[in-house]
Amino acid sequence: MLLRNSIKQIMRTPVKTILFLLLVTFAAALSTVGINLWQMSNSNMNDFEKVFTTIGTIEQKKSVLNKMEQWDAMEQTSRYYYGSKYNPPIPLSVLDFDGANYIQKTEKRPFYGAYLPDYQLFPPDRNGGRGVIIVEFTVNEDCVPDHKIEINIEKQIYTKYRFNTTTVWFCDRYNPNPDQLYAGKTYVMAMLETPYRTNDTSYGYVYTPIEMIGSWQYSEEGEVLPDEMQGILYEEVTEGFYETEHGKRWLNLVECMELPYHTIPVTATNSTNLLMPFYSGTSYIITGEDISEEEYAHGDKVCLVSNSFARINNLVVGDKIMLPLYYANYRDSAGGAYRTSEVWAGFNMLNAKGEPYPVFYEAEYTIVGLVMTVGGGSSGYTMAKNEVIIPTKSIQASDKDNIVAYGPMMGYTTSFQIPNGSMKEYKEAFQKLGLDELELRLYDKGYTELRAGLDNIRSMAFILLAAGVIATVLILVFFCNLFITKQKKRTAIERSLGMSKWKCTQSMISGILLIVLFGSLIGSLMGYLLTSTMANVVSGSSSYDLTYTIGSVRNSVGGETVAEYAYPAFSFSAITCAIIILFAFMLALAVIANNLRYEPLELLSEKTE
Amino acid sequence: MEILRAEQVHYSYQTKYQTIEAVRGVSYSFETGNMYAIVGESGSGKSTFLSLLAGLDLPTKGNVYVEGEDMAVLNRDSYRREKASVVYQSFNLFPLLTAQENVMFPIELKGTGKREAAKKAAELIERVGLREQVLYQFPQMMSGGEQQRLAIARAMAAGGKIILADEPTGNLDSENQQNIVQLLKEAAHTMEFAVIVITHNPEVAAEADYVLRMRDGKLIN
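Read top to bottom, the protein sequences are chains A and B. Here the working numbering is used: the first sequence runs in plain steps of one and ends on residue 609. Here the working numbering is used: the second sequence runs in plain steps of one and ends on residue 830.
Be aware that one or more of the hints could be misleading.
Computed footprint of chain A on chain B, listed as stretches where at least three residues anywhere in the stretch have a Cβ under 8 Å from a Cβ of chain A [what the hints assert, rightly or not]:
1. 663-675
2. 688-702
3. 706-720
For the record, the hints were derived by calculation from the structure and aren't laboratory data. All C-beta atoms in this analysis are idealised placements derived from N, C-alpha and C, irrespective of residue type, glycine included.
Build the full structure now, drawing on both the sequences and the hints.
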């Protein structure tokens with residue numbers, strides 16, 4: 001009866017009631033849109049926070065640009081080119097400065113050579129022609145090889161591609177002051193076939209000696225260790241030569257010549273996030289998963305291997321691979337060194353003792369992921385064909401006696417990770433150091449712009465939510481005033497007819513609550529549908545394809561992962577609806593309590609004279 | 610038969626500056642089958658006395674007895690619901706309920722079903738001399754006299770035996786005034802209600818079986 005009378009009386013003021021219903025619906029919709037947008041933007045923010053990473057690279061700038069001359073006897077001219085020079089490498093410690101809030105501290109990565117004779121490798125690119133050949137040769141008459149001369153190949157000590165001719169054309173073409181060669185003497189040298197221009201349109205080929213017998217081993221501090229054989233191109237072979245120190249060294253060199261064909265580069269890092277090929281998306285994990293933070297932190301014996309290497313050797317995730325590490329390169333990235341034709345010119349294979357570099361660390365690693373590399377390129381920022389990635393901390397031996405190359409910090413060897421959105425702060429703190437010789441580059445994959453966009457959405461959501469809340473409060477206060485405060489007399493009549501205070505409250509509140517219930521249900525549903533539609537539109541037009549990013553591949557199937565915009569949670573809409581109803585209930589109770597304070601007779605006995 | 614008795618009833622209240630004694634030691638006994646008129650100047654305390662009789666407030670001193678029971682220990686909501694009804698000068702009908710629904714209200718409040726309440730309401734409306742056509746009219750569509758008849762029908766509907774009327778003819782022309790007074794008299798004499806009317810109007814007072822005069826919160830005769 002109470003409910004019926006209450007609804008009856010409300011329904012008999014249809015304009016007020018419909019207006020109330022519409023306004024409550026509108027306020028509920030506004031609040032729901034606001035809260036859903038807020039929730040979605042927060043959810044997106046959290047999701048993107050997990051997926052996006054911000055990294056920086058540091059590169060020591062070249063300090064001097066020298067004009068350098070190279071004599072070419074074959075073309076009887078000097079070639080001039082500009083060679084750069086670096087100041088002594090700046091230590092990594094300078095990057096530990098106030099304001100540097102690292103997630104991953106700056107690392108200068110070496111790559112190691114692992115000798116794997118039992119595996120099939122994609123051979124590194126080689127110089128054109130027949131590659132390096134080590135021969136014993138003689139000349140027919142005394143001569144200085146400052147022009148093309150015919151030499152007799154007496155013995156092919158090492159060659160990848162054996163050839164039948166006994167004489168070849170030879171010139172110590174890049175040496176402005178070549179040593180004299182004497183007829184009747186036998187010499188040993190490493191040589192390489194090189195092209196030269198005979199006229200404007202055609203080329204000829206001539207063998208030229210290359211320096212391989214000298215050692216260019218580096219100390220831990222990056223200094224070249226002294227070696228008397230540096231600069232030597234050929235030596236005379238006398239009786240018992242190969243029993244001498246120099247002779248043994250040539251034999252050691254021969255022994256080393258096959259090593260590259262069985263060596264894969266192994267990059268040691270503290271986080272896959274720091275490797276630019278992964279960051280840029282040219283490399284990604286196609287099978288298995290990334291090395292986890294814990295595995296990196298504990299130095300677990302786990303690795304990522306290239307998919308092509310795994311395929312030709314029938315390796316799968318979970319297999320183990322023994323990695324005997326025998327050299328360390330602190331100058332290049334594996335991609336830079338192995339993708340160019342300078343692999344062997346880059347560093348010599350003998351150590352300062354004239355011996356092959358011994359294995360300094362050997363351990364069995366479990367393959368946790370296979371890496372696919374797309375695109376080509378030959379910069380240091382790409383992955384090498386057979387490259388393996390391992391945690392730095394997994395190497396439990398020093399490489400100080402096996403450093404074949406050393407250089408300053410380069411973008412492709414030196415990187416760090418900082419929190420998303422902190423690029424500006426880092427840059428400002430870095431600039432305060434005044435290290436003009438170091439070039440800083442920061443990458444966030446557009447996180448800053450995306451964050452700004454999400455912040456805008458969040459601000460908009462806040463405004464909508466605030467507007468919704470204010471509108472809800474105002475509408476409810478207004479209509480409570482209209483339906484309750486202004487109905488003081490109705491309450492007084494009910495009281496004078498013997499209705500208890502609680503029943504008066506029920507009588508007054510039930511109709512209003514019913515309208516609020518309908519309005520907020522419809523409004524919340526509308527708000528939910530509206531935000532779902534908005535999410536669909538936004539998601540459909542600008543989803544972020546993160547197939548190749550580190551964060552997403554862990555859970556990817558088939559290499560396809562897309563970071564999607566969050567959708568509104570229905571629970572938030574339901575909660576909004578419930579809060580509006582609860583608020584309306586509390587407000588109505590408070591207003592009715594105020595009505596009930598009035599003495600009924602006082603209100604009802606108003607006399608009209 | 611005595612139904613309502615006031616014994617040395619006092620009522621005072623505090624304003625910002627002073628304590629007002631609105632009713633001072635009023636004693637009187639009301640019986641069913643009689644119509645009483647309480648007259649007096651404005652501020653004489655008659656409306657306050659009526660509110661005490663209606664159980665809308667309690668005396669600050671003294672007692673009101675309903676059928677021998679002290680009002681102070683009674684549930685005053687159920688007293689108003691079951692024993693006493695108030696009729697006002699300005700009718701105080703529910704504007705958004707029809708005439709029939711207004712009369713049904715106190716009947717349903719006692720727990721009677723809708724159908725029975727509707728039937729009883731229709732009978733009462735007929736009894737107070739309203740046409741059948743008003744059943745579905747809203748109060749504002751009715752004349753003042755009709756509204757007051759409806760208010761009396763609602764008062765009768767509660768099923769109690771006490772009707773307290775506060776200037777019930779104040780808003781009516783003389784013809785309607787006469788009709789309402791006759792209706793109240795009829796309620797007292799033929800339906801055995803104790804009808805207590807507060808009025809300024811000597812003509813109305815003249816129709817009562819007993820006239821009580823109040824001055825300065827006291828009953829003076």
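Each hint tested on the structure:
{"no.": "1", "hint": "663-675", "result": "holds (count 3)"}
{"no.": "2", "hint": "688-702", "result": "holds (count 11)"}
{"no.": "3", "hint": "706-720", "result": "holds (count 6)"}
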